[in-house]
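Novice: Protein chains in written order, with the working numbering: chain A, 1 to 163; chain B, 1 to 163; chain C, 1 to 163; chain D, 1 to 163.
Simulated from the structure, these hints should not be mistaken for laboratory data.
Some clues are possibly wrong.
A pair holds if it fits inside one copy or across any two, identical chains being indistinguishable in the list.
Straight-line alpha carbon distances no greater than 30 Å define the calculated DSS-like cross-link-like pairs of lysine-lysine that follow [claimed, not checked]:
1. 35 - 3
2. 144 - 70
3. 144 - 19
4. 134 - 70
5. 5 - 134
6. 70 - 19
7. 3 - 19
8. 134 - 3
9. 19 - 35
10. 35 - 134
11. 144 - 35
Remember, predicted model here, so these are calculated numbers, not experimental data.
Number of protein chains: 4
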Amino acid sequence: MPKQKTIIGVIGGSAIDEKNQALAYEVGKHIALNKAILVCGGLGGVMEAASRGAAENGGHVVGILPSEDKNSANPFITIPIPTGMGIGRNVLVVRTADVLIAFPGSYGTLSEVALALNVGKTVIYMPGSWNISKIGQVSSSLFKEAFDAPQAVGLALNSVIHL
Amino acid sequence: MPKQKTIIGVIGGSAIDEKNQALAYEVGKHIALNKAILVCGGLGGVMEAASRGAAENGGHVVGILPSEDKNSANPFITIPIPTGMGIGRNVLVVRTADVLIAFPGSYGTLSEVALALNVGKTVIYMPGSWNISKIGQVSSSLFKEAFDAPQAVGLALNSVIHL
Amino acid sequence: MPKQKTIIGVIGGSAIDEKNQALAYEVGKHIALNKAILVCGGLGGVMEAASRGAAENGGHVVGILPSEDKNSANPFITIPIPTGMGIGRNVLVVRTADVLIAFPGSYGTLSEVALALNVGKTVIYMPGSWNISKIGQVSSSLFKEAFDAPQAVGLALNSVIHL
Amino acid sequence: MPKQKTIIGVIGGSAIDEKNQALAYEVGKHIALNKAILVCGGLGGVMEAASRGAAENGGHVVGILPSEDKNSANPFITIPIPTGMGIGRNVLVVRTADVLIAFPGSYGTLSEVALALNVGKTVIYMPGSWNISKIGQVSSSLFKEAFDAPQAVGLALNSVIHL
Chain A
1 MPKQKTIIGV IGGSAIDEKN QALAYEVGKH IALNKAILVC GGLGGVMEAA
51 SRGAAENGGH VVGILPSEDK NSANPFITIP IPTGMGIGRN VLVVRTADVL
101 IAFPGSYGTL SEVALALNVG KTVIYMPGSW NISKIGQVSS SLFKEAFDAP
151 QAVGLALNSV IHL
Chain B
1 MPKQKTIIGV IGGSAIDEKN QALAYEVGKH IALNKAILVC GGLGGVMEAA
51 SRGAAENGGH VVGILPSEDK NSANPFITIP IPTGMGIGRN VLVVRTADVL
101 IAFPGSYGTL SEVALALNVG KTVIYMPGSW NISKIGQVSS SLFKEAFDAP
151 QAVGLALNSV IHL
Chain C
1 MPKQKTIIGV IGGSAIDEKN QALAYEVGKH IALNKAILVC GGLGGVMEAA
51 SRGAAENGGH VVGILPSEDK NSANPFITIP IPTGMGIGRN VLVVRTADVL
101 IAFPGSYGTL SEVALALNVG KTVIYMPGSW NISKIGQVSS SLFKEAFDAP
151 QAVGLALNSV IHL
Chain D
1 MPKQKTIIGV IGGSAIDEKN QALAYEVGKH IALNKAILVC GGLGGVMEAA
51 SRGAAENGGH VVGILPSEDK NSANPFITIP IPTGMGIGRN VLVVRTADVL
101 IAFPGSYGTL SEVALALNVG KTVIYMPGSW NISKIGQVSS SLFKEAFDAP
151 QAVGLALNSV IHL
């Protein structure tokens with residue numbers, strides 16, 4: 001009997017430093033090794049590094065693209081969803097993910113963190129990502145810090161088990 | 001090297017007769033046997049029969065759901081996309097599919113046929129589906145009739161090869 | 001006490017002949033003279049002619065645009081809604097309208113007719129528009145023919161009264 | 001000759017204290033007195049207080065609603081846009097507004113602030129709203145503080161002049 005796959009979202013900037021690129025790759029790899037599916041915005045930077053980590057380890061990678069064109073996806077997306085909704089696709093990334101792992105990024109990443117918390121999804125944030133607990137009252141049970149890939153993916157999977 | 005999967009959309013009514021249920025199952029099965037991915041609206045009727053045909057034959061099934069709730073998916077969806085966009089999700093079904101196979105259905109199905117032709121995608125229509133070539137000028141190269149599952153999936157795959 | 005305005009949608013092709021241009025202008029004019037608001041897709045052809053008819057007669061014109069850019073609106077739009085959703089904005093035109101008046105058009109227009117009937121809204125169709133009652137079972141109470149502007153707007157307003 | 005109206009967005013929580021309720025009313029009032037149109041999410045709290053301020057002073061109020069139902073709008077919305085997109089309508093509030101004024105709110109408000117800055121729109125933030133400049137590098141020219149209604153609306157209008 002087929003069943004729904006666990007889907008983990010990875011969000012973060014389209015331009016990142018080498019350290020975060022390596023970390024995003026590891027996160028994608030651990031997602032695939034745990035037989036979960038990776039969903040992301042389908043473009044470069046954090047998205048591409050994580051997609052590569054998942055795809056090179058046998059995982060499926062859903063890319064929810066801002067444009068209508070599947071060719072805009074990074075080379076590691078196996079299932080492109082070309083929304084044609086621009087930044088509005090961020091809502092769909094959040095809704096498709098059962099839980100999200102947030103890397104450093106700009107306002108687009110911040111919007112995804114906020115949308116995820118708005119709909120009651122857990123956000124695991126990596127060092128340097130938006131730490132909104134510093135500026136507002138954030139439900140601690142939904143907003144958790146992680147420092148490496150196994151911890152991030154482990155916390156993510158654990159949050160889904162307890163959905 | 002991973003690469004993008006071919007994605008075939010199956011559209012049609014949420015209430016169907018036994019004959020179309022069997023035909024939709026066969027279409028889903030042939031999609032899976034050809035290693036393509038099935039995308040549909042994720043609910044019952046044509047969508048569920050095709051999903052079952054794909055899932056029971058090892059295929060992946062993307063369900064682009066109107067609600068925000070993954071539990072609204074039929075039991076054969078493996079990758080649920082809970083859009084929360086209601087009937088607006090029809091646009092995403094059309095954009096995600098590389099080509100569509102249309103079964104009999106109501107206005108929702110008609111909207112998907114129209115949206116697909118609007119964005120230049122091929123629609124293979126099964127007997128009894130909306131035959132809009134009877135009421136307007138339809139580009140013949142995009143609107144093709146099929147009578148059984150192997151023919152429908154074959155025409156669909158062939159249209160993607162020539163994209 | 002302020003209250004919600006009646007909103008009438010006008011849909012149809014972005015390229016039209018002179019006769020339909022004049023007719024769309026008259027429809028827009030009668031919408032404005034009846035103190036209703038016009039909503040349309042905000043671009044050229046039927047949309048622009050109707051927008052002009054409304055705007056030149058003191059009406060407000062909501063243009064629900066496919067692009068993110070308000071400058072893409074025709075010159076008679078007073079309230080632009082730049083969705084950035086491409087053809088997906090058709091769903092929003094249909095939802096914003098209390099009732100729709102359909103002119104001849106291509107698949108985009110057909111998708112709007114189908115979406116409107118799907119959500120249970122009345123569609124008044126002008127001569128030459130998609131007459132889907134010829135190819136399927138259409139609820140006659142929602143799909144009505146009109147031949148001139150006063151009749152179209154009158155039928156539209158009357159359908160809203162009985163909502 | 002008709003022309004596009006200036007549209008100012010007001011965002012903030014659906015539950016607010018009396019002080020912010022009064023302040024939001026004043027902001028709505030000043031928007032109307034300056035002949036601009038108010039756009040908001042159409043529901044209660046900050047949205048309703050600002051809508052009331054605008055509507056009671058002769059202004060038009062566009063409410064971009066999460067549901068498909070115009071009856072879900074607060075009583076001061078004159079032009080309801082029932083998107084049926086849930087929290088996804090936040091993107092449309094941001095795109096419709098030429099500039100936004102942010103009151104205190106929860107994650108939904110934060111998502112709108114982030115989306116606005118992402119698409120390059122000015123956000124005027126009132127005391128107690130999300131001050132994201134404390135946790136990230138925010139382009140100072142797009143993120144401005146205001147302390148009362150005339151200042152907020154003045155800064156908003158001024159930012160549009162220099163678009």
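Novice: Hints broken by the structure, by number, lowest first?
Specialist: 4, 5, 8 and 10
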